[in-house]
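Chemist: Given only the sequences and the hints, what does the whole structure look like? Please build it.
Respectively, the protein sequence lines represent chains A, B, C and D. As numbered in the working numbering, residues 3 to 149 make up the first sequence, in order. As numbered in the working numbering, residues 3 to 149 make up the second sequence, in order. As numbered in the working numbering, residues 3 to 149 make up the third sequence, in order. As numbered in the working numbering, residues 3 to 149 make up the fourth sequence, in order.
Each hint should be verified, as a subset may be incorrect.
What the hints assert, rightly or not - Restraint-style ranges between C-beta atoms, simulated for each label pair:
no., chain 1, residue 1, chain 2, residue 2, range
1, C, Ala98, D, Leu131, 40 to 50 angstroms
2, B, Gln59, C, Gly31, 17 to 27 angstroms
3, C, Gly31, B, Gln140, 24 to 34 angstroms
4, D, Ala97, A, Gly129, 39 to 49 angstroms
5, C, Val81, A, Arg144, 23 to 33 angstroms
6, B, Asn147, A, Gly54, 54 to 64 angstroms
7, D, Gln59, A, Thr127, 47 to 57 angstroms
8, A, Lys78, B, Gln140, 53 to 63 angstroms
9, D, Gln140, A, Arg144, 56 to 66 angstroms
If you're looking for bench data, these hints aren't it; they were derived computationally from the structure. These figures come from a predicted structure and were not determined experimentally. Beta carbons: idealized from backbone N, C-alpha and C, even for Gly.
There are 4 protein chains.
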Amino acid sequence: MRLCRHKKTPVLVSRTRIRVRFSETDAMGIVWHGNYAKFFEDGREHFGSEYGIAYDQVLAAGYTIPVVEMTCSYRKSLVFGDEIVVETGYVPTDAAKIQLEYAIYRASDNELMASGTTVQVFLDTEGHLQLTNPDFYQEWKRKWNII
Amino acid sequence: MRLCRHKKTPVLVSRTRIRVRFSETDAMGIVWHGNYAKFFEDGREHFGSEYGIAYDQVLAAGYTIPVVEMTCSYRKSLVFGDEIVVETGYVPTDAAKIQLEYAIYRASDNELMASGTTVQVFLDTEGHLQLTNPDFYQEWKRKWNII
Amino acid sequence: MRLCRHKKTPVLVSRTRIRVRFSETDAMGIVWHGNYAKFFEDGREHFGSEYGIAYDQVLAAGYTIPVVEMTCSYRKSLVFGDEIVVETGYVPTDAAKIQLEYAIYRASDNELMASGTTVQVFLDTEGHLQLTNPDFYQEWKRKWNII
Amino acid sequence: MRLCRHKKTPVLVSRTRIRVRFSETDAMGIVWHGNYAKFFEDGREHFGSEYGIAYDQVLAAGYTIPVVEMTCSYRKSLVFGDEIVVETGYVPTDAAKIQLEYAIYRASDNELMASGTTVQVFLDTEGHLQLTNPDFYQEWKRKWNII
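Modeler: Set out below in structure tokens:
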């Protein structure tokens, strides 16, 4: 698995499958590069559901987790109708952040099409940036043996 | 002006100019049909700013105005780089609704590319549908001599 | 089934399930109305795959089928995380058009959230509008006993 | 100007102004992070028009220039109605690539909201990656005294 370049264990990974929409293509006949952010988001949501840190669970704990960094590296072009697998992996860090990395594979031949990363921070209900891990997140890390 | 098919006067009309984005095209090389809703929205916002019924003004009065009906008729295809003019016209009605109609012209030759309509209703802050015109809207209509 | 308001038989219907994306919501906290065009497209593609008239099959026959009319009626608001079922039904017509109608249900309680229609026409590879049904389409209709 | 962290001269820079669309917001009430790719693209197109290396000019020379890398760093949240200025700067490189960097400012107070980068490569009409600068690009660099 190409996401496992981080040494700490366990690295939590989830996989979800998506079909490229026609509306996601552009006049070059390929998926418009900006739309990969949607695929990452699908991966992130799937990860959240699988590991108990979904958007609504974070919200229920009193936080929002906006993306503050995103990178994407494009290797091959996706076209309409392609089925893709988004692999989302958790990258351990001590900082009060959620770091994820993504790999997008074409389902038909398991070719790596793109990879990327996101960093999210914690804001409380008043929009204040949290400099230390919120309790719920600390517990979540403990539960998954990340700390 | 092609929007003036309604007999009551005055028909309020505003015009705004937009450049088609590359991300709005699709693999047929033309603007994806669903993106015209964005052009209508640009037109609607411009109308709201020009006539004092912008989204934030409606919100300040205690209401949201979700779209409950939309139609679009496509005549010619827009391509990347096209400059368009969105013409937004107010359609008088006694119902507690905002009815607008839209015409999208290609700026280079004034060709009509698409036309459409939207209907919006009033919800109060608790999400309840208003069956009669909110006071602020009634005043707005009076101001523009629509009633 | 609420789509069956057309009397000719058979009415071909397909159903597909989608999860609402976070990127599809807007600042009102609900799915932005323009994004329903994506749901209709998902439904249309699913219909095409199920009944042998998918985009690439049409393309292989030498035609594109742009949408020339779209309508959407919004009844209730979709929110992030909602699972929806898009029901796509074929509306018989003698004209050289593909008419489809859509119903979007919330999966959790089968509530009708929105409905709509599209009309598509046939263009040949040079972009000429076809005034009579292309042969491949005529055969397709015969196969499904629509003629 | 915050983009000028590259030492070679001249650094070509262009600026364009955009109004945030309602459809670009999300349920957090802010612009969905993936939509910044559209703002970068607006900046890129404006740069291309200003400096004679627009998409259609590249296409006329026989090349497409897909984005192969994108990064974005988000500092503050944009909301509906914000006017922004996208500053796009050219980053000299000897490689057969177009490297651009972007800074997005809120027009009302000149606050830096986000910054980012893109890398584009040259593909010929058959989709082959160019390992050396195409002639038209070499000439373009010469014209602007970048080489």
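Chemist: Please go over all the hints and tell whether each is borne out by the structure.
Modeler: Evaluated hints:
Roughly 43 angstroms separates the CB atoms of Ala98(C) and Leu131(D), a value that falls within the hinted 40 to 50 angstroms. Between Gln59(B) and Gly31(C) the Cβ separation comes to about 20 angstroms, which falls inside the hinted range of 17 to 27 angstroms. Judged by the Cβ atoms, the range 24 to 34 angstroms given for Gly31(C) and Gln140(B) holds: they are separated by roughly 27 angstroms. Take Ala97(D) and Gly129(A): their Cβ atoms lie about 41 angstroms apart, and the range 39 to 49 angstroms holds.
The beta-carbon spacing between Val81(C) and Arg144(A), approximately 31 angstroms, falls within the hinted interval of 23 to 33 angstroms. Between Asn147(B) and Gly54(A) the C-beta distance comes to about 59 angstroms, which sits within the given range of 54 to 64 angstroms. The hint said 47 to 57 angstroms for the Cβ distance between Gln59(D) and Thr127(A), and at roughly 49 angstroms that hint holds. Against the hinted window of 53 to 63 angstroms, the Cβ-Cβ separation of Lys78(A) and Gln140(B) comes to about 58 angstroms, which satisfies the hint.
Between Gln140(D) and Arg144(A), the C-beta spacing of about 57 angstroms keeps the proposed range 56 to 66 angstroms intact.
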